[in-house]
Amino acid sequence: MSTKRITLTALYTAIALVLHLFESALPPLFAFAPGAKMGLSNIVSLIAVFTLGSVDAFVILVIRCVLGSLFGGNIFSLAYSLPAGAISLGVEIVLIKLLVPRVSVITVSFTGAVIHNGVQLLVASIIVKTNLVSLLPLMLFASVVAGIAVGLTAYFTLKYLPERIYLTETKKHNDNDGGI
Amino acid sequence: MTDVKKIREIKASRPLKLIDIILMSLVLVIALAWAIIPYFSFPAGNTVQITVNGQTSEYSLDSNRKIHLDGLTVVIENGQVFVSETDCDDKVCQHTGKISKVNQSIVCLPKNIVIKVTGKNDFQVDSGGGV
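Those sequence lines, one after another, are chains A and B. The first sequence lines up with residues 1 to 180 when you count with this note's numbering. The second sequence lines up with residues 1 to 131 when you count with this note's numbering.
Hints were generated in silico from the structure; no laboratory data involved. Among the clues, some could well be false.
Reference excerpt, derived from the structure (chain B facing chain A, CB under 10 Å, subset only) [said to hold, decoys possible]:
1. K6
2. I7
3. I10
4. K11
5. L16
6. V27
7. L28
8. A33
9. A35
10. G54
11. I76
12. D90
13. V92
14. S100
15. N103
16. K116
The beta carbon of each residue, even a glycine, is placed where N, CA and C say it ideally should be.
Given only the sequences and the hints, what does the whole structure look like? Please build it.
See below:
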């Protein structure tokens with residue numbers, strides 16, 4: 001693992017954590033869907049899958065969820081954020097590997113948002129011991145909005161982020177770059 | 001494991017394709033149907049079940065009253081039930097608004113409180129709990 005890679009992973013984690021905390025400080029964005037969020041830190045996850053790879057994306061996700069729930073002052077929120085985050089990221093990675101660029105990043109983030117909300121409702125149902133699936137259609141509407149916003153941001157970031165930021169291998173015909 | 005090939009493919013592609021619009025419209029239509037059908041077909045309820053930490057108590061929807069529990073004020077008014085005040089941070093339960101139909105519910109996760117409307121002859125979906 002190169003120094004650049006470690007630095008990038010740390011940088012991404014920091015950005016994801018800030019987005020996570022910033023978002024939890026905001027008032028509810030969708031009045032119709034209680035508890036629904038934009039999932040801003042999913043932007044970082046998506047970019048990480050492309051620029052660093054699946055494993056690093058998972059590492060960033062886990063650190064972000066653990067630290068986010070610690071900084072948020074409620075360690076129990078980990079039960080909501082981690083399983084939903086991990087499963088939706090897994091689905092997103094599969095979609096990225098198999099379907100992108102036939103489908104857009106927006107569809108990937110939208111699907112991720114749907115899965116995220118579904119798992120979160122499931123966890124909430126288990127915790128409060130009540131079937132909350134009736135909230136799912138509202139969550140689906142929120143997922144469309146969140147998916148478009150997050151997917152569009154990820155798309156434009158990937159499009160305009162200079163490649164030298166994440167390219168680790170130096171050009172083979174150029175000895176000046178050396179490296180170890 | 002940087003997927004440069006894929007990133008370049010994305011750079012060359014448009015942000016939204018026809019297939020994306022079709023997929024999302026499909027999900028939107030399903031969500032809309034799912035949200036609207038129960039609203040029209042489910043009958044108005046007549047009982048409110050309030051579950052606090054797994055213990056359920058029932059109230060009639062017909063008589064107006066205010067119930068105070070654990071920083072939460074539940075108001076039953078004109079056959080509707082809603083949370084008028086709460087001291088928790090996210091105020092999710094308060095934002096849920098008024099509910100009156102069978103199987104609609106207001107949930108307060110931080111306090112583990114569930115408010116659910118039921119009817120006399122309600123066709124309960126298999127609820128996960130009651131343990």
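Failing hints, ascending?
Failing hints, ascending: 11 and 14.
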